[in-house]
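Assemble the whole structure, with the sequences as input and the hints as a guide.
Line by line, the protein sequences are chains R and P.
In our numbering, each residue carries its 1-based index in the first sequence increased by 10.
In our numbering, each residue carries its 1-based index in the second sequence increased by 10.
The hints are simulated quantities; they were obtained by calculation from the structure and are not laboratory data.
Be a bit skeptical, because a hint or two may be false.
Since the list gives no way to pick out one identical chain from another, each pair is judged satisfied if it fits inside one copy or across any two copies.
[Claimed, not checked] Below are the DSSO-like pairs computed for lysine-lysine, each with C-alpha atoms no more than 27 angstroms apart in a straight line: (1) K337 / K517; (2) K514 / K268; (3) K183 / K27; (4) K183 / K42; (5) K155 / K274; (6) K268 / K303; (7) K27 / K155; (8) K303 / K274; (9) K382 / K303; (10) K154 / K36.
As the structure is a prediction and not an experimental result, all values here were calculated from the model.
2 protein chains.
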Amino acid sequence: MMEAWRKKAGSAWERTKRAPGLACRKMWQVGKDDPRRAIHAVKVGLALTLVSMLYLLEPLFEGIGQNAIWAVMTVVVVLEFTAGATLCKGLNRGLGTIMAGSLAFLIEFVAEETGQVGRAIFIGCAVFIIGAAATYLRFLPYVKKNYDYGVVIFLLTFNLITVSSFRVSNVMKIAHERLITIAIGCGICLFMSLLVFPIWSGQDLHNSTVNKLQGLARSIEVCVDEYFSDEAVTEVREEESDDEDKSCDEDPIYKGYKAVLDSKSIDEALALYASWEPRHSRHCRYPWQQYVKVGAALRRFSYTVVALHGCLQTEIQTPKSCRALFKDPCIRLASEVSGVLMELATSIRNRRHCSPELLADHLHDALQDLNKAIRSQPRLFLGSNCSQASNMLAVAAAQARQEKEREAAATGGGGGGASLLLSSAKTDTSALREWKKTRSKKELYTERKVLRPQLSKIAMLTCSLEFCEALPFAAFASLLVETVARLDSVMEEVEELGRVAGFKEYKRDDDDD
Amino acid sequence: MMEAWRKKAGSAWERTKRAPGLACRKMWQVGKDDPRRAIHAVKVGLALTLVSMLYLLEPLFEGIGQNAIWAVMTVVVVLEFTAGATLCKGLNRGLGTIMAGSLAFLIEFVAEETGQVGRAIFIGCAVFIIGAAATYLRFLPYVKKNYDYGVVIFLLTFNLITVSSFRVSNVMKIAHERLITIAIGCGICLFMSLLVFPIWSGQDLHNSTVNKLQGLARSIEVCVDEYFSDEAVTEVREEESDDEDKSCDEDPIYKGYKAVLDSKSIDEALALYASWEPRHSRHCRYPWQQYVKVGAALRRFSYTVVALHGCLQTEIQTPKSCRALFKDPCIRLASEVSGVLMELATSIRNRRHCSPELLADHLHDALQDLNKAIRSQPRLFLGSNCSQASNMLAVAAAQARQEKEREAAATGGGGGGASLLLSSAKTDTSALREWKKTRSKKELYTERKVLRPQLSKIAMLTCSLEFCEALPFAAFASLLVETVARLDSVMEEVEELGRVAGFKEYKRDDDDD
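The following block contains the structure:
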């Protein structure tokens with residue numbers, strides 16, 4: 011008993027001892043991932059110190075007085091990470107305050123006529139109605155997207171003014187002072203976010219689009235490489251994917267498309283903030299919404315990549331011997347697709363048009379290659395009887411080898427035939443052995459999960475079903491071709507982006523990376 | 011010139027006239043979509059009126075005074091849509107205020123010793139350091155997720171107290187009053203959100219999980235139905251999908267999985283808020299995180315559905331005659347999959363375990379059916395030469411029909427053979443005509459987009475490439491089977507949810523819907 015307690019206490023102590031180190035490492039990591047975060051933190055500290063001066067320095071305080079508090083509050087709430095977000099919030103705060111002030115004065119003007127009790131009732135009703143209406147307004151999607159914060163500030167200011175006007179006589183003076191201090195607070199925020207190491211939402215959006223393109227390019231390449239690589243790697247991946255999301259983070263394929271899948275809300279927020287930023291005003295209105303469209307096209311593209319990744323993880327696998335036949339054209343097509351994505355990424359990064367003729371021709375050739383490879387192996391898709399399927403695959407593989415041998419040695423068909431028969435039989439056996447291995451592994455899996463036999467029954471089903479074994483490969487190839495079709499829409503959107511954003515023309519020696 | 015102006019002004023006037031009606035309809039729609047929004051708006055109005063009483067009623071005001079303002083502010087900022095969110099924000103506000111107050115007093119205590127100038131410098135430095143450190147802390151993912159609002163309040167309160175303590179002597183009294191008013195504000199918020207028509211995040215999460223399951227079930231069913239339905243419908247869909255997202259909203263397939271794709275952040279927020287809610291405390295800790303896991307499994311499932319949907323939209327299509335051969339088993343499998351999803355949805359809604367034996371057997375049968383159907387058409391996958399491909403399809407179709415005829419009429423093979431040859435030829439021609447039609451449509455498409463020939467070149471490529479025509483169908487079938495594999499992981503997570511949440515046992519006559 012004592013032992014157990016001591017052990018527990020010991021491990022708890024160990025964890026407590028390690029906690030500060032872990033926290034420090036995490037803190038460091040956050041700053042290392044994006045050093046602008048540290049800069050932003052320093053900026054907020056500076057802005058707060060500046061605004062505190064209003065209180066701390068005698069001459070400034072005499073001019074403004076107690077209301078300097080409002081400037082402090084404004085700085086804390088308005089100063090955001092990017093310039094666009096700060097502008098958006100500042101404007102929302104300004105608009106909300108002014109509108110609330112006007113409305114409050116209107117109500118004050120009407121309420122003045124009545125007596126003290128009538129006035130209290132009138133103010134109470136106004137607070138109720140305006141409060142309910144403003145809250146309801148926040149549910150409108152358009153308002154929620156653009157002016158949510160403004161409505162909150164409107165409600166806050168309106169209530170503060172209306173309620174406090176009931177007890178205070180010189181409301182006008184208070185409102186005047188408050189407006190000035192809020193303006194000072196906003197001014198400090200704008201100065202800090204626009205002029206001192208500004209961080210632009212637009213730049214973030216631009217960079218994240220480039221990164222997403224590059225991530226997808228890497229995903230596709232690794233995915234196809236892995237599909238045709240050694241079985242061992244694939245199995246490790248499979249087992250890992252059974253675990254939590256944590257292990258998925260390590261997967262380079264998952265890492266590539268993860269950012270794209272959940273990018274919708276981030277993209278939209280960045281585009282919204284970016285539209286407030288004055289930096290790109292020489293283009294009249296920089297087309298940030300087009301970036302959102304590129305993001306949507308990329309998301310649609312990434313769903314196909316996810317399905318392609320699913321082909322790696324699925325329990326029904328095309329035998330290796332079959333896959334090997336199409337290795338080269340598939341890898342070539344994948345590298346062409348990822349090449350196009352990389353070129354698109356480079357073109358966006360350098361704000362220039364891409365060189366599409368070049369790319370399209372290569373893609374064309376790669377597609378033709380795959381087409382030819384599939385046509386040259388007609389018997390693979392002949393799965394009349396599944397007990398014979400692996401035999402047929404072996405025959406097809408043998409045929410391919412036969413052709414090669416013929417080309418190489420140019421001997422007759424007779425002598426080669428016997429050795430071919432041998433090799434085909436060998437392929438057959440090895441395929442069978444592989445098959446059995448996966449089977450027995452599945453059965454182990456089943457025994458471990460005795461508690462839910464019906465679930466593992468399905469799992470066994472999907473892997474023991476004797477589908478024509480080439481079917482999964484057909485899906486893989488088809489999805490790969492599908493990526494080309496989706497790539498088309500991505501290219502369209504990027505092209506459109508180049509057009510509306512006035513990218514410069516493509517020159518061969520333009521890129522410096 | 012005048013004409014154009016008048017026209018413009020006229021249309022602008024028309025739009026202005028229509029705007030209020032449109033706004034009203036939108037407002038009504040927002041309330042109709044979720045009537046709890048209207049209830050929430052009334053609740054906020056009531057809470058604000060209640061808190062205004064502190065100011066408006068003479069006896070209450072005498073006790074609290076000017077600081078009642080802080081109660082108003084608390085209500086505006088803390089009262090959120092769901093009980094969990096309100097509790098989370100209220101606790102954050104409370105914690106932030108108390109910690110900031112303690113720290114501010116500590117600094118006050120240290121600064122007291124020095125003179126006026128030294129004190130100002132000391133306060134300035136403290137404001138800078140605390141401000142920068144707190145802002146940096148907000149970038150830590152853990153803090154951002156759970157305590158972002160608390161840190162903002164901490165910073166705000168700390169600055170207000172520290173700065174104002176420089177000029178005011180009785181800080182202790184101010185802090186005391188402020189704390190009381192904030193507590194009153196929080197109390198009103200908690201009363202409103204927990205006791206008056208409470209809206210639970212947990213219930214929302216529960217319902218949205220059920221809805222997502224049902225949406226996916228519908229998606230799959232419609233998707234497969236459409237794949238095997240008349241060409242006309244499919245083409246309309248294709249054209250629509252070229253447009254903006256707007257038309258996509260009409261698509262029942264897209265509608266089904268849309269909510270699932272972008273559900274990550276919503277799910278996580280709801281689960282976070284739900285974990286604050288006291289309602290399910292009899293289960294010790296209700297496993298809201300398991301709902302998030304179910305959501306993640308559903309998202310993985312939905313990516314396969316998106317890929318399946320992509321098979322409908324892609325420009326490479328398997329000829330109808332070929333698809334028709336597998337119509338029944340595919341539709342059966344799809345309806346089984348959607349049936350399982352529906353059963354899972356019902357089981358979660360009624361908080362009971364699902365009846366898996368029943369479901370798994372049907373799924374098994376449907377898979378076997380599809381397997382048999384594919385095995386019985388071996389020649390479809392024999393695409394040795396693509397100019398012969400449609401011929402072969404026709405032959406395969408003829409074979410199938412031949413078998414049927416043999417069964418039906420039991421005549422000899424001679425007489426039937428001639429008519430079969432005729433019908434096969436017909437099939438062939440119609441297939442060719444279809445093919446040509448799509449080609450010419452593509453060419454029109456090309457001419458319209460003269461500006462980007464390279465893009466449409468790829469588009470043409472992907473559709474004119476003479477891949478073995480059964481390939482796209484193989485992908486479709488394989489993806490359909492893949493959904494079954496993914497369904498397995500969804501079932502696992504739902505089963506786990508049932509276990510940890512203590513769902514009741516399944517009884518046949520349990521469901522009332």
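These are the hints, each one checked on the structure:
1. K337 / K517: neither (34 angstroms within a copy, 52 angstroms between copies)
2. K514 / K268: Result: close neither inside a copy nor across copies, 31 angstroms intra and 37 angstroms inter.
3. K183 / K27: Close neither inside one copy (56 angstroms) nor across copies (40 angstroms); limit 27 angstroms.
4. K183 / K42: The answer is neither: 48 angstroms in one copy and 44 angstroms across copies each exceed 27 angstroms.
5. K155 / K274: both (14 angstroms within a copy, 19 angstroms between copies)
6. K268 / K303: both (18 angstroms within a copy, 16 angstroms between copies)
7. K27 / K155: between (45 angstroms within a copy, 24 angstroms between copies)
8. K303 / K274: Both. Shortest intra-copy (10 angstroms) and inter-copy (20 angstroms) distances satisfy the 27 angstroms Cα cut-off.
9. K382 / K303: neither (35 angstroms within a copy, 44 angstroms between copies)
10. K154 / K36: Between copies only: 13 angstroms across chains, 34 angstroms inside a chain, cut-off 27 angstroms.
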